[in-house]
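Peer 1: Whole structure, please, built from the sequences with the hints as guidance.
The residues making up each chain are set out below.
2 protein chains.
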Amino acid sequence: MQIFLHTVRATCKSGARYGIKYLRFLDQISRNLAVSSRLYSETPQWGSKKKHRKVKLHFQLQSMADPKIEEVLAPLRSSVKEQGDLVRKLKSDGAPDFDVKKAVAELKARKKLLEDKELSLIPSASFDRAKMEDLLKRRFFLDQSFAIYGGITGQYDFGPMGCALKSNFLSVWRSFFVLEEQMLEVDCSILTPEPVLKASGHVDRFADLMIKDVKTGECFRLDHFIKAHLEKVSLDKKTDESLRAECQDIIIKLDGMSKQELAAVVSRFNMKSPITGNDLTEPIEFNLMFATQIGPSGLIKGFLRPETAQGIFVNFKRLLEFNSGKLPFAAAQIGNAFRNEISPRSGLIRVREFTMAEIEHFCDPNDKNHPKFESVKHTKMHLYSACSQMDGKSAEYMEIGEAVKTGLVDNETLGYFMARIQQFLLKVGIDPAKLRFRQHMGNEMAHYACDCWDAECLTSYGWIECVGCADRSAYDLTQHTKATGVRLIAEKKLAEPKVVDVVEAFPNKGVLGKAFKKEAKAVLDALAALNKNEIAVLEGKISKNEDYDLVLHDGASIKITKDMVSIKRYQKTLHVEEITPSVVEPSFGVGRVMYSLFEHNFRMREGDEQRTYLSLPPAVSPLKCSVLPLSGNTEFTPFIKKLSQDLTAFDISHRVDDSSGSIGRRYARTDEIAIPFGITIDFDSLKTPHTATLRERDSMDQVRINLDELPTVVKDLSLCKITWAEVAQKYPKFEQQENAKA
Amino acid sequence: MQIFLHTVRATCKSGARYGIKYLRFLDQISRNLAVSSRLYSETPQWGSKKKHRKVKLHFQLQSMADPKIEEVLAPLRSSVKEQGDLVRKLKSDGAPDFDVKKAVAELKARKKLLEDKELSLIPSASFDRAKMEDLLKRRFFLDQSFAIYGGITGQYDFGPMGCALKSNFLSVWRSFFVLEEQMLEVDCSILTPEPVLKASGHVDRFADLMIKDVKTGECFRLDHFIKAHLEKVSLDKKTDESLRAECQDIIIKLDGMSKQELAAVVSRFNMKSPITGNDLTEPIEFNLMFATQIGPSGLIKGFLRPETAQGIFVNFKRLLEFNSGKLPFAAAQIGNAFRNEISPRSGLIRVREFTMAEIEHFCDPNDKNHPKFESVKHTKMHLYSACSQMDGKSAEYMEIGEAVKTGLVDNETLGYFMARIQQFLLKVGIDPAKLRFRQHMGNEMAHYACDCWDAECLTSYGWIECVGCADRSAYDLTQHTKATGVRLIAEKKLAEPKVVDVVEAFPNKGVLGKAFKKEAKAVLDALAALNKNEIAVLEGKISKNEDYDLVLHDGASIKITKDMVSIKRYQKTLHVEEITPSVVEPSFGVGRVMYSLFEHNFRMREGDEQRTYLSLPPAVSPLKCSVLPLSGNTEFTPFIKKLSQDLTAFDISHRVDDSSGSIGRRYARTDEIAIPFGITIDFDSLKTPHTATLRERDSMDQVRINLDELPTVVKDLSLCKITWAEVAQKYPKFEQQENAKA
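Chains as they are written, first to last, in my numbering: chain A, 1 to 742; chain B, 1 to 742.
Hints are computed from structural coordinates only; laboratory data are not their basis. Check the hints yourself; a few may be wrong.
Said to hold, decoys possible - Facing chain A, a subset of chain B residues (Cβ under 8 Å, in silico):
1) 140
2) 186
3) 291
To be verified - Sample of chain B residues lacking proximity to chain A, with all beta carbon distances greater than 10 Å (derived):
4) 70
5) 134
6) 227
7) 506
8) 686
Idealized CB from N, CA, C, for every residue including glycine.
Peer 2: So this is what it looks like as structure tokens:
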């Protein structure tokens, strides 16, 4: 059980594995919609100079229930359900693992077809990804890292606007989670020595399969490679129908195939490198962690952490102590993690270096109620349950209280965090119509006892996992305890004291010290760690004057003789019991949420497709306010300077744009970088009482306000203490038409 | 010139090299004061379980001018001056480089003796480092990373209190620099491909010398190793006087010795591994960057960035564009950097993973005035000029305006940032009496044209460099231009248009295209890059029907024949000139400043040495407020709950301590984690109007305030909008004695 859980943690955290399904599925959508797909190259994708073909994807969830659409979807839904039922039956019949896996792969493929169709059918406004990417690059929200050196795939630099957005995003996150919930935030090392990641399972299992050109050494991610090859074969006019069907069948089942099965496919189709035509190696497991050496000796192997969570787990003892030994409590960490993806793509969605914001909530495994659950229970959520997924149904809206009550969501703590995650995502600007929580299906966490839901955002890449929310039980703490011998447990007060029988191998320290010298400490520890049964064996041996083989923590074995220990039995009254806490883990992929924010807030002005902007909420907007002189008239200068100083004194980030160009053109520029409010100093500003216009980005409405009131008004607007509607009501409307096209 | 500058950048940034001198000198102090020194082990130092011997260091700068002390220091001062004068003379005589180096090494050694004596003579309160470290570890400000796995030297995790302090520190930094100065903040990749760091000089020169045990492979940092060995020899009673003198002489000169000279010392004293007695290798250059592979092929070599600055330089073009092509502007970055130190020590001062906050201010090399210099010119600074250092004088207080006017500080921009750095450091809690700005001496930047000042904080490790402030000229931009061919320059409008003669090798594209095919682009670029003289040579060759060897950007050479180009001459009117901007770089070592903050704010209550606390300013204190019920009385509970909610609504970080223990004991606990304000709910709180006591940490004074006013008062205190004195005057004093010892 733990091994599987292990695999899940090692491969799925923040969506490395499950995200893929969606990306694959998207790939298909993209292809249907004539998006260029570059599977092979290591060259830049997102933001590369190559022109993007227009991607027009259609989605709008509200219309999901359109009866005409449902008619088209009905056969696909029942095809999913049919297969879902088969999987359930196989499982309940205890069918061989292999058969279940095959059936699950087919189920996933059918789900994919359904979701694909669903997305393609829903009428909605079009979205132009190339246009958005152009904006993001042109206004330096982000760009490929080391672009002047040709760039590195899967690495991005955030420019001034992206960095400010990210920093505002993280500060809202900190105040929403860490401050509000009084979490213990930590800041741990990125460089991690091997034993830590060995224990967590990453050294052994955090890998993808790849295949190499035997001559050039060029690498291809195996599943992507096979899929691309088979698709090419399928599309070839010379391919006959039966071969085409075989290709399609393999593509559908790829996800569930083992290394051997994949190798067989490569050899069955005699696949060569698509670049050189050279032969390929056998499939190789490639560990996705970046390896390095710590210190000069080359003896300490280390990795860049693949997730921030382990830093919290290894500090559990100190954190519990800091919390005065009391459960529950949550620790949080914001920081970078690294994954050496074989062939990163999809822009910010799949990168080699990324920021995570993770929470580990430690609680009593037998009491997962949450004291603040009451406060969120009426939160309406868009839940896509495992059951609905197997039945070919759509996601449903439901109050989280109801979901926990009916057992759909396993416990209050998990439900509480799901609701809080949703509140947070909406606050920073995620479109509620493009957000759902998808439950992991049984087959995604087979023997895994607990529950897991991913917050997914709908983008032009499809539904992408942005925040994971999992009940990870006691797995990680148990693993680190095993590896270090340091018991990562908490004490829980018993309802009433309990008397227990104790049997103990009491050491004769003098004899042990002489016999084992420096090792004596390790022997004492090992003796203390013996359980009842082991002590019985020990007692049996020494009573017969035989030696007992005691295994030390480092795996070495030593002989215990009769004179070294005596067996003691007594009773003890216990007031506390020791428990290994369960962990509920909300884990945010910051780059993925940011990417979704870009897509969800990208807009075009009605009637002017060229005038694009980002309607980010003020809380996360890179800058809160622009300050514009109407023209280059020098009389404006002192007003601009004074206003900028006043705004700085109020901690309001702003940008002065005194360049030439009409006021409309300059507004358009500030709209592009999502500045929500704009102040213009015009000729009326020179008269007393000095006033200026204040403009709101989305509505383009303007009011006229006294200069000395402005900083407070903008501050309150930025902090959402007042709404624009209130401002518009209070102050006189400024009617002059802004020259949008100028 | 560039090569030396190069070396300076590569080895000194943020004090890797210059910091060392102070650490070494400290080492000496420490030894004098009987501090245990562990040069050899790779095991934990700071925070290790081994008990620290008490370090009582004495310093207080105010008393520097005590005439008795000056009497003792006089001979040391004149010994420094004598040597300083010799260095000056050698330089002005143009003596051989080798002689200058020797003299400089001796000068440094004499400076060291002087500073050592100075620090040891000044009477002051004692500081107990072990006690402070105990506090920091016990209350989980920080701890060694992966402590349950035995820990890794040179890596630290920040616990909840350290993390909150760091995050507050960075947010003050952001608002003080980025917001106030409207800097362009970026967030760039940590993983850096080799060519970038090759260009910056780090691949070739960012190295320390080490020596290895030939059998075990154990590594020792060469300078530390030799010093420790020679000191041991010196202390040996069997050592005769002449040998002892020789050892001392070498120790003094170590800093200036070459690899060969050091190797000769190792062999002259027949040094062996101090651990095994085994032979040692020859000295080896060990590059301090962590290496890794990007991508699965093993073909893209990368490093973890050793500084954040390069991320800004490679993005210069986009940043300039973002700033509408105008100079000056500053970019900033906060992020982690990594150095694989051979044997890290001195706690947070020398670590393998650290956070930097760097600013790169780009300006016209011919106009380094700063528009806001007026606003800081009266800032009094504690300046330790290169000249004073050579003359054996102390640091002096001077207004920065004066320092720039007299040319002591090279230009206004540099001076402006020095003043701002000081303002910032004082704001976050650095003791002004323990802060100085030390100028790099001529020998520290020999052929380096510009100026460099380090903000140094006095700690029990001596003066440590916390912030570097350097005028780095055009070095980095020039290097990246050379490496990529992308011209990192700015355009400057000419006062009046200039007519220039242009000579151009005009390409015949048809012929070139046929001849060079894919390479034609590179050939065109190389032709365009030819200067006047080269074109003259080219013209000479082709006029004689000879081939011209054209060197392409990648180093390859091709033949240009007569039919490929024609030489054109014409006149052009220029309105702008191209300049490579100069860079002024303030670079903050966040961990070093934080460590200094800990030392400068560590206090003991008068008359109770056990009661220690941290008097950090509210702006950076991990938490702003504590909330304490006087006792476990359940009537207090609703008040505590309501107050906590109100504080959260005001974004005030706080901690409720409802544990048992007297109120005095709980106050002491909150003092330890630097909480500046404490609210206690007592029996009077139950009466209407509901009130509570508010206590200030440093004075331990208390007032009584209405509950509904409290959040605003605490918020204003935290933001320094009001002072405690004002609060104490406005509200009635609460007189009840707090039971400190309870």
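Peer 1: Confirm or reject each hint.
Peer 2: Results for each hint:
1. At about 5 Å, the closest approach between the beta carbon of residue 140(B) and any beta carbon in chain A falls short of 8 Å, and the interface hint on this residue holds.
2. Of the supplied interface hints, the one on residue 186(B) holds, with its beta-carbon coming within about 5 Å of a beta-carbon of chain A, less than 8 Å.
3. Taking 8 Å as the C-beta contact cut-off toward chain A, the hint placing residue 291(B) at the interface holds, the least distance being around 6 Å.
4. At roughly 45 Å, the least C-beta separation between residue 70(B) and chain A is larger than 10 Å, which holds for a residue marked as non-interface.
5. With a least CB separation of 14 Å from chain A, residue 134(B) remains clear of the 10 Å interface cut-off, as annotated.
6. Non-interface call for residue 227(B) relative to chain A: holds, since the shortest CB-CB distance, roughly 18 Å, exceeds 10 Å.
7. For residue 506(B), the non-interface assignment is confirmed: its Cβ lies about 27 Å from the closest Cβ of chain A, beyond the 10 Å cut-off.
8. With a minimum CB-CB distance of about 24 Å to chain A, residue 686(B) clears the 10 Å threshold, and the non-interface call stands.
The structure shown violates none of the earlier numbered hints.
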